[in-house]
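Student: Just need the whole structure built from these sequences, with the hints factored in.
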Amino acid sequence: YIGLNNPITISVPGFSPDVVKASMTGGTLIPKGGNKYEVKVTQRGKATINVSVVQDGKSKNMGGFEFKVLPIPKPEARWGTLEAGAYSSGSVKAQGMVNASLGSFVYEGVRYTVTEYSFVKVPRRGEAQFAKNTGAIASPQIKSYVNSIKSGDKLIFSDIVATGPDGKRKLSPLVIDVQ
354 YIGLNNPITI SVPGFSPDVV KASMTGGTLI PKGGNKYEVK VTQRGKATIN VSVVQDGKSK
414 NMGGFEFKVL PIPKPEARWG TLEAGAYSSG SVKAQGMVNA SLGSFVYEGV RYTVTEYSFV
474 KVPRRGEAQF AKNTGAIASP QIKSYVNSIK SGDKLIFSDI VATGPDGKRK LSPLVIDVQ
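Position one of the sequence shown corresponds to residue 354 (the numbering used here), numbered consecutively onward.
Everything labelled a hint here was simulated from the structure, so no lab data went into it.
All values reported here derive from a predicted model rather than from experimental measurement.
With a cut-off of at most 20 Å between alpha-carbon atoms, the simulated SDA-like pairs for lysine to any residue come out as follows:
1. Lys421 with Pro518
2. Lys411 with Ser369
3. Lys507 with Gly443
4. Lys485 with Ser497
Tutor: This is the structure we're talking about:
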């Protein structure tokens, strides 16, 4: 995955790790000791790891393996623990920040931090209330708007930016309907 340290193990049956040599096209192969490596890639597409064995000063090609290089999946915005959808006013009021979630992404520990977003409270009756926020934690103004919600109101979080291992990402808007 682009932006991550991808751990791999390279071995050739019948040969000790000290005679096994590996090289890579489409990324960087970082030896970590023994037969352990980390792969760093920066562009989507394909990467190839080639393996050889060096004996008596001669190198013998043992083959290669081609990998798909993929971006980290796009994080999804959540209001606290709430995904887009309809919730009771109590559930909505109990939250206090916008999070960026990767759901069930295979790598544990990959995190995105929300750095900014725009907020709109659209009441069932009355005028919309707008605010901009820096950081993930809701400002006192946004908390005040959220604490005044009633059934039928809608909260819209947009222009959400999060930073992660692959840099800044713009997230899709999040809409919360208050029941």
